[in-house]
Amino acid sequence: MRLTEEQEELRSAVRALLGRHAGDAAWRPLTEQIGVAGLAVPEEYGGAGCGAREVHVVMEELGRELSPVPYLGSAVLAVRALLASGDATACAELLPGLASGAVVGALAWAEGGSWDPAAVRAEATPGPGGGWRLTGVKDHVLDGAGAEVLLVAARTGAGVSLFEVSRDSAGVDRKPAVTMDATRGQARLVLTRAEGRLIGAEGDGERVLRNVLDAACVALAAEQVGAASRCLELTVAYAGQRVQFGRPIGSFQAVKHRLADAYVLVESARSVALGASFAAAEGAPEAARCAAAAKSACSEAFSVVAGEMIQLHGGIGITWEHDAHRYFKRAHGSSQLFGTPSWHRTRLAADLGLTPSPG
1 MRLTEEQEEL
11 RSAVRALLGR
21 HAGDAAWRPL
31 TEQIGVAGLA
41 VPEEYGGAGC
51 GAREVHVVME
61 ELGRELSPVP
71 YLGSAVLAVR
81 ALLASGDATA
91 CAELLPGLAS
101 GAVVGALAWA
111 EGGSWDPAAV
121 RAEATPGPGG
131 GWRLTGVKDH
141 VLDGAGAEVL
151 LVAARTGAGV
161 SLFEVSRDSA
171 GVDRKPAVTM
181 DATRGQARLV
191 LTRAEGRLIG
201 AEGDGERVLR
211 NVLDAACVAL
221 AAEQVGAASR
231 CLELTVAYAG
241 QRVQFGRPIG
251 SFQAVKHRLA
261 DAYVLVESAR
271 SVALGASFAA
281 AEGAPEAARC
291 AAAAKSACSE
301 AFSVVAGEMI
311 QLHGGIGITW
321 EHDAHRYFKR
331 AHGSSQLFGT
341 PSWHRTRLAA
351 DLGLTPSPG
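Using our numbering, you'd call the opening residue of the sequence shown number 1 and step up by one each time.
In short, the hints are calculated from the structure, not lab data. Treat the hints loosely; a few may be bogus.
[To be verified] Mimicking SDA-like on lysine to any residue, the simulated pairs with C-alpha atoms at most 25 Å apart in a straight line are:
(1) K256 / G317
(2) K329 / S271
(3) K329 / L352
(4) K175 / K256
(5) K256 / R326
Starting from the given sequences, assemble the full structure and let the hints guide the process.
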């Protein structure tokens with residue numbers, strides 16, 4: 001599993017740009033100069049026609065910087081949902097704007113802390129003129145407070161379905177969520193008979209969401225690897241600079257052991273994340289299993305390494321001015337995003353026929 005020369009050049013370009021542009025200010029250069037928003041969009045809709053490996057590269061670099069740009073919610077979740085729906089009309093209308101980055105999309109999906117597609121309880125009923133009326137509450141909507149394209153999963157008589165809801169529609173209440181990780185924007189969406197139009201086939205939403213879940217887990221695993229790798233880099237550098245008892249603390253055997261263990265965790269996570277990206281890019285039969293394994297392993301690796309960063313930095317590691325707390329919060333927030341590690345292990349075991357399918 002080796003990235004191509006072009007993919008490594010993409011990495012260098014993204015890293016250099018993020019070094020010049022901090023925070024939300026990076027989104028416009030990333031989309032206009034590099035075209036990251038359209039990497040996974042087919043060329044016929046204005047994208048680059050790339051795949052999971054290119055998304056992996058971008059997500060890993062965004063993770064290193066804890067960048068708050070809306071790449072995951074818009075360029076991964078919203079784009080994947082539209083493509084998986086198979087709705088050519090909706091794709092032709094919505095994907096060009098998303099691919100250019102001029103428009104940000106959001107997928108409203110989770111309810112009550114559950115990312116299981118079968119757990120969707122928001123309701124959609126037929127409305128006048130062939131439209132639909134949606135009612136329900138959605139949590140953890142990535143970049144949902146400001147997104148121009150709003151996709152919502154709701155249940156009809158035929159099952160879970162996907163809808164587009166106008167952000168200005170009556171009955172749509174979007175409020176930013178207060179989260180522990182301030183670097184990832186989330187919103188709570190309350191729908192009260194909001195007008196929506198069906199995307200794809202009625203009742204096909206559960207299949208679409210399962211496809212999105214796998215893509216989301218693969219992308220998030222790459223982000224977690226990038227962030228964990230940066231945690232390790234910063235901690236190794238600090239261990240070589242911080243002097244205690246007349247010696248750098250990195251020279252003490254106990255510290256060396258902890259750094260070595262963290263290195264093993266990061267590299268193991270890197271392997272499983274790359275494996276999931278390659279499987280997704282190739283459409284391998286085991287792609288869903290790899291996605292679940294990557295989300296579980298990378299979540300736990302990032303959490304451990306971020307914790308070690310706090311511990312080995314000592315007092316400075318718990319100050320607001322140092323970045324350690326930002327990585328620690330991202331680690332714990334991303335561990336819950338798209339399902340906990342234990343839930344994904346249950347998914348994996350069920351797929352292997354070892355346990356009943358998780359509810």
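**OP:** If any of the earlier hints don't hold here, list their numbers in rising order.
**Re:** 3 and 4
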